[in-house]
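Number of protein chains: 2
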Amino acid sequence: MSLDPKIAARLKRTADGLVCAVVQERSTRDVLMVAWMNDEALELTLTTRKATYFSRSRRQLWVKGETSGHTQHVHEVRLDCDGDTLLLVVDQVDGACHTGDHTCFDADLLLG
Amino acid sequence: MSLDPKIAARLKRTADGLVCAVVQERSTRDVLMVAWMNDEALELTLTTRKATYFSRSRRQLWVKGETSGHTQHVHEVRLDCDGDTLLLVVDQVDGACHTGDHTCFDADLLLG
Numbered sequence: 001m002s003l004d005p006k007i008a009a010r011l012k013r014t015a016d017g018l019v020c021a022v023v024q025e026r027s028t029r030d031v032l033m034v035a036w037m038n039d040e041a042l043e044l045t046l047t048t049r050k051a052t053y054f055s056r057s058r059r060q061l062w063v064k065g066e067t068s069g070h071t072q073h074v075h076e077v078r079l080d081c082d083g084d085t086l087l088l089v090v091d092q093v094d095g096a097c098h099t100g101d102h103t104c105f106d107a108d109l110l111l112g
Numbered sequence: 001m002s003l004d005p006k007i008a009a010r011l012k013r014t015a016d017g018l019v020c021a022v023v024q025e026r027s028t029r030d031v032l033m034v035a036w037m038n039d040e041a042l043e044l045t046l047t048t049r050k051a052t053y054f055s056r057s058r059r060q061l062w063v064k065g066e067t068s069g070h071t072q073h074v075h076e077v078r079l080d081c082d083g084d085t086l087l088l089v090v091d092q093v094d095g096a097c098h099t100g101d102h103t104c105f106d107a108d109l110l111l112g
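Residue numbers (the numbering used here), protein chains in the order written: chain A, 1 to 112; chain B, 1 to 112.
These are calculated hints, taken from the structure and not from any lab test. Please note that the accuracy of each hint is not assured.
Now the stretches of chain A that chain B is said to cover, found in silico as 3 or more residues with beta-carbon under 8 Å [said to hold, decoys possible]:
hint: 1; segment: 54–64
hint: 2; segment: 94–104
If you want the ones that stay clear, here's a sample from chain B, every Cβ over 10 Å from chain A, calculated [as the list claims (entries may be wrong)]:
hint: 3; residue: Met1
hint: 4; residue: Ser2
hint: 5; residue: Arg13
hint: 6; residue: Asp39
hint: 7; residue: Gln60
hint: 8; residue: Val63
hint: 9; residue: Glu66
hint: 10; residue: Asp94
hint: 11; residue: His98
Calculated lysine to aspartate or glutamate pairs in the EDC-like style (CA-CA distance at most 16 Å, straight line) [what the hints assert, rightly or not]:
hint: 12; chain 1: B; residue 1: Lys6; chain 2: A; residue 2: Asp108
hint: 13; chain 1: B; residue 1: Lys50; chain 2: B; residue 2: Glu76
hint: 14; chain 1: A; residue 1: Lys12; chain 2: A; residue 2: Asp84
hint: 15; chain 1: A; residue 1: Lys50; chain 2: A; residue 2: Glu76
hint: 16; chain 1: B; residue 1: Lys12; chain 2: A; residue 2: Asp108
hint: 17; chain 1: A; residue 1: Lys6; chain 2: B; residue 2: Asp108
hint: 18; chain 1: A; residue 1: Lys12; chain 2: B; residue 2: Asp108
hint: 19; chain 1: A; residue 1: Lys12; chain 2: A; residue 2: Glu40
Backbone N, C-alpha and C define an ideal beta-carbon position, used for all residues, glycine too.
Sequences are here, hints too, so could you generate the full structure?
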């Protein structure tokens, strides 16, 4: 199966074929993390409702929580006005960050 | 004035020298938009508390709302765990989106 051509036509991808994905928790509305998706990751996310990204360092698909168990069940996916960024609204199991923090933005406050 | 070297050392920039900035509204907790910053845009944002980005298409600094009046007063700036994404918490004047919508994610629901 491949991504719906009507959606694919609206995406504005990087030179690497990726779009940015901002991930927000449904219950708390915390911004949890930012990751990247190629067409296949988006298609898998839309059809399985398990947040699936493309790892830029490992150059492969990555189902969030596949090894850690910290999965994201996807409730909503939106595309922004210029087609290069997605917003995912998810239910997060445990911490979203690989450090164990709830969000990837918990640790480093530059201005408060 | 230039960006605090202790902050600059923690940034992991794209080949273009940019970091991603996710912008969240303080009152509603809506994710408003995503934009990009170079070191100068971040320095200006931290010191003036007026959200300032780097336009990738125009290759220049851009003070949000400078022409539209739809400014963002910055309350908080956080850096994520791998140093390539910022989270700005802002007070948004009127709509954040150039279309007039409140957020850049209002118009296009891919999965709900």
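Against the structure, the hints come out as follows:
1. 54–64: violated (count 0)
2. 94–104: holds (count 5)
3. Met1: Answer for B/Met1: holds, closest chain A Cβ roughly 15 Å.
4. Ser2: Holds, since 15 Å exceeds 10 Å.
5. Arg13: holds, 14 Å
6. Asp39: Per Cβ check, B/Asp39 is outside 10 Å of chain A; nearest 13 Å; holds.
7. Gln60: About 17 Å separates B/Gln60 from the closest Cβ of chain A, which puts it past 10 Å; holds.
8. Val63: holds, 17 Å
9. Glu66: Holds, because the least Cβ-Cβ distance between B/Glu66 and chain A comes to about 19 Å, which exceeds 10 Å.
10. Asp94: holds, 15 Å
11. His98: violated, 7 Å
12. B/Lys6 / A/Asp108: With Cα atoms ~12 Å apart, B/Lys6 and A/Asp108 stay inside 16 Å; holds.
13. B/Lys50 / B/Glu76: With a Cα-Cα distance of about 11 Å, the restraint between B/Lys50 and B/Glu76 holds, given a limit of 16 Å.
14. A/Lys12 / A/Asp84: holds, 5 Å
15. A/Lys50 / A/Glu76: Between A/Lys50 and A/Glu76 the Cα gap is close to 11 Å, so the pair holds against 16 Å.
16. B/Lys12 / A/Asp108: holds, 14 Å
17. A/Lys6 / B/Asp108: holds, 12 Å
18. A/Lys12 / B/Asp108: holds, 14 Å
19. A/Lys12 / A/Glu40: holds, 15 Å
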